[in-house]
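Sequence order for the protein chains is A and B. Read in order, the letters of the first sequence correspond to residues 1 to 290 in my numbering. Read in order, the letters of the second sequence correspond to residues 291 to 574 in my numbering.
Quick caveat, the hints were computed from the structure, so don't treat them as lab data. The C-beta atom is built at its ideal place from N, Cα and C for all residues, glycine as well. Treat the hints with caution; some may be incorrect.
[Stated by the list, open to error] Away from chain A, derived, C-beta distances all over 10 Å, residues of chain B: (1) W299; (2) G313; (3) R327.
[What the hints assert, rightly or not] Quick partial rundown of chain B residues pointing at chain A, CB under 8 Å, derived from the structure: (4) S397; (5) R401; (6) S424; (7) A442.
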Amino acid sequence: MDLRTLASLGSGTGYNFGFLDELSKKAVRRALLKAIAIPGYQVPFGSRELPIARGWGTGGLQITLSLVGQGDVVKVIDQGADESVNAVNLRRLIERTSPGVGLTTFTREATIIQTRHRIPETPLQAHQILVFQVPLPEPLRVVEPREEETRRMHAEADYSRMWVALYEDLVRHGRITRAAGYPVLVNGRHVMSPSPIPRWDVPRLHQAEFLSLFGAGREKRVYAVPPWTDVEPLAFTDHPFTVERFDEPCARCGSRTSYLTVIPDERSTRVVCSDTEYCDEHLALQEASR
Amino acid sequence: MNVAPAGPWALRVVGLGKWFGPGCDACLAETGPEAGRSTCPRCGTVVACAGVSFDLRPGGVLGIVGESGSGKTTVLRCLNGDLTPSEGIALLGSVGGGERDIFTVSSQERRQIRNFHLGMVYQSAREGLNLRISAGGNIAERLLAAEWREVAAIRRRALTLLERMEVPRSRMDQPPATFSGGMQQRVQIAKAIANGPSVVLLDEMTSGLDVSVQAGVLDLIQEIQRAERMAMLVVSHDLGVVRLLCERTIVMKNGRIVEAGLTDQILEDPQHPYTQLLVSSINA
Ligand SMILES: Nc1ncnc2c1ncn2[C@@H]1O[C@H](COP(=O)(O)OP(=O)(O)OP(=O)(O)O)[C@@H](O)[C@H]1O
Ligand SMILES: [Mg+2]
Ligand SMILES: [Zn+2]
Chain A
1 MDLRTLASLG SGTGYNFGFL DELSKKAVRR ALLKAIAIPG YQVPFGSREL PIARGWGTGG
61 LQITLSLVGQ GDVVKVIDQG ADESVNAVNL RRLIERTSPG VGLTTFTREA TIIQTRHRIP
121 ETPLQAHQIL VFQVPLPEPL RVVEPREEET RRMHAEADYS RMWVALYEDL VRHGRITRAA
181 GYPVLVNGRH VMSPSPIPRW DVPRLHQAEF LSLFGAGREK RVYAVPPWTD VEPLAFTDHP
241 FTVERFDEPC ARCGSRTSYL TVIPDERSTR VVCSDTEYCD EHLALQEASR
Chain B
291 MNVAPAGPWA LRVVGLGKWF GPGCDACLAE TGPEAGRSTC PRCGTVVACA GVSFDLRPGG
351 VLGIVGESGS GKTTVLRCLN GDLTPSEGIA LLGSVGGGER DIFTVSSQER RQIRNFHLGM
411 VYQSAREGLN LRISAGGNIA ERLLAAEWRE VAAIRRRALT LLERMEVPRS RMDQPPATFS
471 GGMQQRVQIA KAIANGPSVV LLDEMTSGLD VSVQAGVLDL IQEIQRAERM AMLVVSHDLG
531 VVRLLCERTI VMKNGRIVEA GLTDQILEDP QHPYTQLLVS SINA
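Between the sequences and the hints, there should be enough to build the whole structure, so can you do that?
Structure representation (structure tokens):
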């Protein structure tokens, strides 16, 4: 075989539906089923190559591509925004490789929502699946660098060092400073990283109606929170878990019930909803009622 | 093995054995005090301990003495769950009505037993403590492992323990890396007893310390043992420590028990030639 033949074979345009071949998708789905059966437990899977770089959401994307079928409607957000470069790229890739699959920015319309670092403000329902992109799946890594040892700690539910880290944080700073990716206990058994979502979103995983799936491409792990599962942030009885508080409403839509983020403007900075679709909808409602 | 039901003991150990290596038919016969070695000459396996049996009564203090390499630490590590024993049974009076072999439970239950029923003081404070987190944090770790979830209560308990161990209040939020060896060891003891275990395992707790500091630590141990009625297993190669603390003593050599009985009797009238040698060396 000469180089030209090899190149032409390797560059065939005939992608499988959903880019991944069916066996790969099946392997991902099998890992997901195991993850759903053991809530919060990290299941290793054979992370595949994708035409985007690891660290750009390949874990979440593999889950989405393995699940998506005709009739599905997909939404992709990055820190709450549908129009960020990362979200647009992922959406385009799904669109091109999965003909017949719908794409949307409306949370209500979506059957699968792939997200980086946020949960949409609009409450999700039982028929919707939330797919998180996870950079660092191991919540115990901050207290234990060795993989062997973290595996043992999970197996024995030996989480005292994680608790001590929170205790030390509290003693040193008067409060627990951990913000994004706050560790949670899932189903009373496994400590899990909810991925770098703000504290704001953490309680929304508890006894949620919808299925949450988490994919870490680089670290080759998937995990899950099935519907109606306990998800409790690690906290002390006399220092309960709290979420971010905002003094002002959204500068754009006026919402007082959504998670806000600072965006640098030409002159000053503006504090607005991080969920752009929610903000648009809320703004439209405000204007309609005026 | 015939194990009697729950009796007047906090800890019962029957036929504990631990070896490092593949093991062969000759291992047991070729090692031990008569053979004068712990390593099997045929297969190279180290028989760190074998056939170790004893009872420790509730609130009692039992000593284990023996030369370096005789298997003392191995026995403690197997009991604490740091090592998986090769054979034997261990029962805790406080676990499963004294009828549950703690060596054969799941790793998760083993961790629970260790967190709620046992405490261990290691030979080196570095092993028993995280020297970079605060002294209070080290004690908190034990309490958190035993599912304490109220910070104020955790701090109250840590403070009480540190004060009893004569560690100044001001040290509570400092890392033990900055403490003297004696103070580190006292923090380690405070940590080991924090959750009120029924059995505390102490491995050479004074061996790294100055003689002047040793006496103070021993006094504190004795005081706390009496106050809390914890059973203790005290490993030492110092007969003086054992004489002070332990009503009963086991003498080990090459992984086996060569003599066991009341400490006074062993010191006054040792039966085994090895014990006689040990005793004469301190009386000299
Ligand atoms: N991980 C291991 N691998 C191989 N051999 C080991 C291991 N740990 C201990 N041993 C051996 O087991 C035997 C008993 O060791 P152990 O540490 O229990 O003795 P010890 O009585 O505590 O001694 P010391 O008084 O020096 O602390 C020794 O021969 C030791 O070299
Ligand atoms: Mg030792
Ligand atoms: Zn808004």
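Here's how the hints hold up against the structure:
With a cut of 10 Å on Cβ distances, B:W299 stays outside the contact zone with chain A, its closest approach being about 27 Å. With a least CB separation of 25 Å from chain A, B:G313 remains clear of the 10 Å interface cut-off, as annotated. Taking the minimum C-beta to C-beta distance to chain A, about 33 Å, the non-interface status of B:R327 holds against the 10 Å cut. With 8 Å as the threshold, the beta carbon of B:S397 comes within range of chain A, its nearest partner Cβ sitting at about 5 Å, so the hint holds.
A cut of 8 Å between beta carbons decides the hint on B:R401: the least distance to chain A is about 4 Å, and the hint holds. Look at B:S424: its Cβ gets to within about 6 Å of chain A, closer than 8 Å, so that hint holds up. Contact between B:A442 and chain A, as hinted, is supported at the beta carbon level, the nearest pair being about 5 Å apart and thus within 8 Å.
Hint violations for this structure: none, all hints satisfied.
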